[in-house]
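Trainee: Which chain is which? The protein sequence lines are A, B and C, in order. Using the working numbering, you'd call the opening residue of the first sequence number 5 and step up by one each time. Using the working numbering, you'd call the opening residue of the second sequence number 278 and step up by one each time. Using the working numbering, you'd call the opening residue of the third sequence number 14 and step up by one each time.
These are computed hints drawn from the structure, not numbers from a lab. In this text the structure is predicted, and so the values were computed from the model without any measurement. C-beta atoms are modelled at their ideal positions from N, C-alpha and C, and glycine is treated no differently. Hints may contain errors.
Unchecked claim - Distance ranges between label pairs, derived from CB positions:
#1 B/Ile330 with C/Gln26: 55 to 61 Å
#2 C/Thr137 with B/Val408: 17 to 23 Å
#3 C/Asp146 with A/Asn261: 35 to 41 Å
#4 C/Gly270 with A/Asp309: 27 to 33 Å
#5 A/Asn100 with C/Gly270: 53 to 59 Å
Said to hold, decoys possible - Facing chain B, a subset of chain A residues (Cβ under 8 Å, in silico):
#6 Gln110
#7 Ile129
#8 Ile133
Said to hold, decoys possible - Result set (PhoX-like, lysine-lysine): computed pairs, CA atoms no more than 20 Å apart in a straight line:
#9 C/Lys272 with A/Lys257
#10 A/Lys101 with B/Lys481
#11 A/Lys103 with A/Lys125
#12 B/Lys481 with A/Lys103
#13 A/Lys268 with C/Lys151
#14 C/Lys43 with C/Lys100
#15 A/Lys268 with A/Lys333
#16 B/Lys433 with A/Lys98
#17 C/Lys130 with C/Lys101
#18 B/Lys478 with A/Lys99
#19 A/Lys128 with B/Lys315
#20 B/Lys478 with A/Lys98
#21 B/Lys478 with A/Lys101
#22 A/Lys74 with B/Lys315
#23 A/Lys280 with C/Lys100
#24 C/Lys151 with C/Lys118
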Amino acid sequence: MLKSKKTILLLAGGSVIGMLKLDKISKIYSTGTFGGKLLPAVVDVSFDIGDGEVVSLIGESGSGKSTIGKMILRLITISSGKIIFDGIDISTLKKNKLKSYYKEVQGVFQDPFSSYNPIFKAEKIFTTIRQEFYPKMKDKEWEEKVDSSLKAVGLNPDQVLNKFPHQLSGGQLQRFLIARALLLDIKFLVADEIISMLDASTRVDVLNLLVELKSRGLSILFITHDLSLGYYISEKAIILYRGSIVEMGTTEKVYSNSLHPYTKMLMTSVPRMDTKWEEVDVELKAKQIENTIGCVYYDRCRVPDKDTGCASKKPQLIEVEHDHFVACKHCMEE
Amino acid sequence: MTEQINIQKSEKIDKVPVIKPKKINEFIYFALRNNKLKIGLGVVLFFILLAIIGPLFTKYDWNAYIGPMSQAPSREFWFGTTTFGQDVYTQFVLGLRAAFLVGIIGGGLGTFIGIIIGFVAGYRGGIVDEVLNILTNVVLVIPTFALLLIIAAYLKVRGIMIESVFIGLTAWPWAARAIRAQTFSLRSRDFVDMARMSGMKPLKIIFTEIAPNMMSYLLMTFILQFGGAILIAATLDFIGLGPTNTISLGLMMNYAVMWGALQFGNWWWFVPPGFAIMAIVGSLYIMNVGLDEVFNPKLREM
Amino acid sequence: MSLQTKNLRVYYQTLRGDVKALDGVTFNIKDGEIMGLAGESGCGKTTLANSIIYLTPPMKYIDGSVELDGEELPIWDMDSMNTFRYKKVSIIPQYAMNAMNPTRKIGKMTEELLVSKRVSYKKTRSELERRLDLVELKNDILGMYPIELSGGMKQRMVLVLSTLLNPSLLIADEITSALDVSTQKAVAEMLVEFRNRKIVKSMIVITHDISILYQIADSILVMYAGKLAEKASTDAIVHSPMHPYTRLLISSLPKVGVKYSEKKLTGIKGNTPLLLNPPIGCRFRDRCPVAFDKCMEEPPFVEIEKDHFVACWRERDRNA
Numbered sequence: 005m006l007k008s009k010k011t012i013l014l015l016a017g018g019s020v021i022g023m024l025k026l027d028k029i030s031k032i033y034s035t036g037t038f039g040g041k042l043l044p045a046v047v048d049v050s051f052d053i054g055d056g057e058v059v060s061l062i063g064e065s066g067s068g069k070s071t072i073g074k075m076i077l078r079l080i081t082i083s084s085g086k087i088i089f090d091g092i093d094i095s096t097l098k099k100n101k102l103k104s105y106y107k108e109v110q111g112v113f114q115d116p117f118s119s120y121n122p123i124f125k126a127e128k129i130f131t132t133i134r135q136e137f138y139p140k141m142k143d144k145e146w147e148e149k150v151d152s153s154l155k156a157v158g159l160n161p162d163q164v165l166n167k168f169p170h171q172l173s174g175g176q177l178q179r180f181l182i183a184r185a186l187l188l189d190i191k192f193l194v195a196d197e198i199i200s201m202l203d204a205s206t207r208v209d210v211l212n213l214l215v216e217l218k219s220r221g222l223s224i225l226f227i228t229h230d231l232s233l234g235y236y237i238s239e240k241a242i243i244l245y246r247g248s249i250v251e252m253g254t255t256e257k258v259y260s261n262s263l264h265p266y267t268k269m270l271m272t273s274v275p276r277m278d279t280k281w282e283e284v285d286v287e288l289k290a291k292q293i294e295n296t297i298g299c300v301y302y303d304r305c306r307v308p309d310k311d312t313g314c315a316s317k318k319p320q321l322i323e324v325e326h327d328h329f330v331a332c333k334h335c336m337e338e
Numbered sequence: 278m279t280e281q282i283n284i285q286k287s288e289k290i291d292k293v294p295v296i297k298p299k300k301i302n303e304f305i306y307f308a309l310r311n312n313k314l315k316i317g318l319g320v321v322l323f324f325i326l327l328a329i330i331g332p333l334f335t336k337y338d339w340n341a342y343i344g345p346m347s348q349a350p351s352r353e354f355w356f357g358t359t360t361f362g363q364d365v366y367t368q369f370v371l372g373l374r375a376a377f378l379v380g381i382i383g384g385g386l387g388t389f390i391g392i393i394i395g396f397v398a399g400y401r402g403g404i405v406d407e408v409l410n411i412l413t414n415v416v417l418v419i420p421t422f423a424l425l426l427i428i429a430a431y432l433k434v435r436g437i438m439i440e441s442v443f444i445g446l447t448a449w450p451w452a453a454r455a456i457r458a459q460t461f462s463l464r465s466r467d468f469v470d471m472a473r474m475s476g477m478k479p480l481k482i483i484f485t486e487i488a489p490n491m492m493s494y495l496l497m498t499f500i501l502q503f504g505g506a507i508l509i510a511a512t513l514d515f516i517g518l519g520p521t522n523t524i525s526l527g528l529m530m531n532y533a534v535m536w537g538a539l540q541f542g543n544w545w546w547f548v549p550p551g552f553a554i555m556a557i558v559g560s561l562y563i564m565n566v567g568l569d570e571v572f573n574p575k576l577r578e579m
Numbered sequence: 014m015s016l017q018t019k020n021l022r023v024y025y026q027t028l029r030g031d032v033k034a035l036d037g038v039t040f041n042i043k044d045g046e047i048m049g050l051a052g053e054s055g056c057g058k059t060t061l062a063n064s065i066i067y068l069t070p071p072m073k074y075i076d077g078s079v080e081l082d083g084e085e086l087p088i089w090d091m092d093s094m095n096t097f098r099y100k101k102v103s104i105i106p107q108y109a110m111n112a113m114n115p116t117r118k119i120g121k122m123t124e125e126l127l128v129s130k131r132v133s134y135k136k137t138r139s140e141l142e143r144r145l146d147l148v149e150l151k152n153d154i155l156g157m158y159p160i161e162l163s164g165g166m167k168q169r170m171v172l173v174l175s176t177l178l179n180p181s182l183l184i185a186d187e188i189t190s191a192l193d194v195s196t197q198k199a200v201a202e203m204l205v206e207f208r209n210r211k212i213v214k215s216m217i218v219i220t221h222d223i224s225i226l227y228q229i230a231d232s233i234l235v236m237y238a239g240k241l242a243e244k245a246s247t248d249a250i251v252h253s254p255m256h257p258y259t260r261l262l263i264s265s266l267p268k269v270g271v272k273y274s275e276k277k278l279t280g281i282k283g284n285t286p287l288l289l290n291p292p293i294g295c296r297f298r299d300r301c302p303v304a305f306d307k308c309m310e311e312p313p314f315v316e317i318e319k320d321h322f323v324a325c326w327r328e329r330d331r332n333a
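Only chain A is shown next, with the shape it has when bound in the complex (with noise of 0.2 Å):
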């Protein structure tokens, strides 16, 4: 894996703006009959992720993180706001620009087995990016250009090749997805909630796997509703609470400094194996929730300082301390 020029900026102690980074990103669906009423998936999201660096997108269902993994891979469209790679903004680029994005942004999906298409063999998937990326090159140069990065995933080449997806595991299918991916010599990689439909026993590799990935100079926004794969493997957490981010910073500070409400309630729910749940209530979900302008956490929030300026306008983030950033006036001190 090659480093970048930004890597190597970086090493020789230069400063360096992100790599990726999404500015005030927006995504309104419009619903109803001809498009009358608007509903916001994503709102005002904006951060940055530098070279070789892991940052974890985390959020429930119904909190934006797959459809912000999606624009970022343009595969929605953007409503408003910009993503730009490298200095350029992607989020117009069309044709033959796109195609070479896709040389340095790839992404991987939840579900293994839907990411193929049934009826071809699992390398289809190859033949494809050999086509439509590399149409000259030459068979045995090709060969062990596959050859090479299967073994860069962990997989055995005489195991997956000429094999149909059914006739291939879950871990199986998800490495050669990311194998797929390392054909192009990315930059830059989504991962969203790739691990979530594996077994428990080959989740790990997988995660590993991609870390391993890392330290070669690939940057992963790894996307998961799990906060413990989060902390596992990333160096910047961003919590993200219906479309709108509520606390980011590097995975340490939010974890043990969690500063929203709605990252202390994560934190407190989740069901970890080393304590037990504290006797906290805890307000649940309603299914209709009709406030749109002020805190996205308004409705469920208990912090004693809430007043009217939360209902009314939505809260910025704020800095509290180095590389923490919270939407919460009312939620600086701990």
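Got chain A sorted already, so can you dock chains B and C onto it with the hints?
Mentor: Positioned in the frame of chain A, the structure of chains B and C alone reads:
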């Protein structure tokens, strides 16, 4: 805790069974077992054969008055004669040819248009989908009967081709709807996103990723369109809006009723064509149900 | 003893032969015990749940017995099981919350369910309302359609419905998987509450998430490839597991507070065996780091310590 011991592997462990289903053979296997498919296909093939070689056995022209009027089936005239003394057998086998011609051209055209519109609407979504939907709905509700009357007024001489093309141009909405729905559901599958991220152009994705997945569906849609075209043609012919320069099964029934076959009990004039239409279209539909079971593993009997 | 299973064998009929999904399963559950049933996909836990209450084709009953409160359950006979279903033993199947008829109001659905079991809706109405209170649902939910409820609300409703007639045994199959973290906690705690109030005597909670079991289960039964691997108290399974599979499984789970850079976790190499022609002897043999020649013979599921059962030759010899 962890001791290094030699693990004795049994033969069974080394040879993990690798199941190679060989997709093509699997379908043939189930196809041969499916009674509905066998019976349906058998009946249709029988009639196709009859349409091909049947006319070779007759020396008469379908319109010529060659025999005694209103005669029941006999050794000379296998299906008897009409009120005017025409050979019903000749009319019947030529009518079969006409029926299959309408099926292929009308059904084929309908499927073709339906595929194009269905794929484009299903894949693109958004405004393109909305516009194509409106188009589909409009064509769907056009009163074909009234339209045909207008066309009939302008074209005094009509052939089988015109009729087939007309049917194809008005029957495609059903196919388009079904294909659009299937395309929609396939399009949201992750492997289509994978293809997009490989830089594939949308048209290529439709034809290399989505369409092959729908092969069975497309085949069944064609069979339905084929059968539907035959039925529509028979109906139109029966009420007098059919071709003017040739014979067809529907026209036979039309003439039979017009010229008193019912009153005189000349069943040999209208029963064969009616029965043939029923048998062909019915068998096509049964075949389709059988095909559905072959292609869809969940419907197979254990 | 609330539930006693002896040598239960249930296979799946397929075109290629019988898949030995459940191959000789013996265990007991005491009154008031919440037993967690853990294992990876394909280990047989859902088969076990369905065998006890709803054994339909393609499942085939081969051998064994299931006794509830001293009475043998005729699991092979779907019709006779009708008298036991819902009244003595009840199940919350996977995805139950998505199986509610979308065109029926909740109250109407409840009424139809009770009538089919020949129970008067009017008489149970007050108890129903008390239960709804218990799970923090308002009474007006009875007038709503399923689509108006959130996932958590639906799951709690299903919980109330399945336990309305106070069954002795409740089987909950992956009822927390599709829920948010906070709702998961609420639903899991409600399960315990139901047991504490003696609405249900004992429970089998099936899940692949052992951390939930750590919170609410008294004991955990670990299954592997259609056989039982280990059964012990929750504490013993999580902190001092004996079966090599359990040990490897527990140590492969990421926990909050464990970083890759500090302690790299490892998974279990290899795949679960196909159950069409399962390997002879111990089914974990070829993935086990401590397997030896005796493992070619199937290890029995025996009590090594008090209330701690293991199916492993190593552990048995160690304590013999």
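Trainee: Against each hint, give a clear statement of whether it holds in the structure.
Mentor: Quick rundown of the hints versus the structure:
Taking the beta carbon of each, B/Ile330 and C/Gln26 are about 47 Å apart, not inside 55 to 61 Å as hinted. Look at C/Thr137 against B/Val408: about 55 Å separates their beta carbons, and that is not inside 17 to 23 Å. A beta carbon spacing of about 38 Å between C/Asp146 and A/Asn261 agrees with the range 35 to 41 Å that was offered as a hint. For the pair C/Gly270 and A/Asp309, the beta carbons lie near 30 Å from each other, so the given range of 27 to 33 Å is met.
Checked against the hint of 53 to 59 Å, the C-beta distance between A/Asn100 and C/Gly270 comes to roughly 47 Å, which is inconsistent with it. Contact between A/Gln110 and chain B, as hinted, is supported at the beta carbon level, the nearest pair being about 6 Å apart and thus within 8 Å. For A/Ile129, the shortest C-beta to C-beta distance to chain B is roughly 6 Å, which falls under 8 Å, so the interface hint holds. Hint status for A/Ile133 relative to chain B: holds, with the closest Cβ pair at about 6 Å, below 8 Å.
Straight-line distance between C-alpha atoms of C/Lys272 and A/Lys257 comes to about 14 Å, which keeps the hinted pair within the 20 Å bound. A distance of roughly 18 Å separates the Cα atoms of A/Lys101 and B/Lys481; the hinted pair therefore holds under the 20 Å criterion. With a CA separation close to 24 Å, the supplied pair A/Lys103 and A/Lys125 exceeds the 20 Å bound. As the CA atoms of B/Lys481 and A/Lys103 are separated by approximately 15 Å, the hinted pair is consistent with the 20 Å bound.
With a CA separation close to 27 Å, the supplied pair A/Lys268 and C/Lys151 exceeds the 20 Å bound. Taken as a hint, the C/Lys43 and C/Lys100 pair is honoured in the structure, with Cα atoms around 19 Å apart against an allowance of 20 Å. A threshold of 20 Å between alpha carbons decides the hint, and for A/Lys268 with A/Lys333 the separation of about 15 Å falls inside it, so the pair holds. The suggested pairing of B/Lys433 with A/Lys98 is violated, with an alpha-carbon distance near 54 Å, which exceeds 20 Å.
Taking the CA atoms of C/Lys130 and C/Lys101, the gap is near 12 Å; set against the 20 Å cutoff, the hint holds. With a C-alpha separation of about 8 Å, the suggested pair B/Lys478 and A/Lys99 falls inside the 20 Å cut-off, and the hint holds. At roughly 35 Å between alpha-carbon atoms, A/Lys128 and B/Lys315 are farther apart than 20 Å, so this suggested pair is violated. Simply put, B/Lys478 and A/Lys98 have alpha-carbon atoms about 11 Å apart, close enough for the 20 Å limit, and the pair holds.
At most 20 Å may separate the alpha-carbon atoms for a hinted pair to count; B/Lys478 and A/Lys101 meet this at roughly 13 Å. Of the pairs offered as hints, the one joining A/Lys74 and B/Lys315 is violated, with about 47 Å between alpha carbons and a cut-off of 20 Å exceeded. Between A/Lys280 and C/Lys100 the CA atoms are separated by roughly 32 Å; this puts the pair beyond 20 Å, and the hint is violated. The straight-line distance between the Cα atoms of C/Lys151 and C/Lys118 is roughly 14 Å, inside the 20 Å bound, and the hint therefore holds.
Violated hints, listed in ascending order, are 1, 2, 5, 11, 13, 16, 19, 22 and 23; each of the other numbered hints is respected by the structure.
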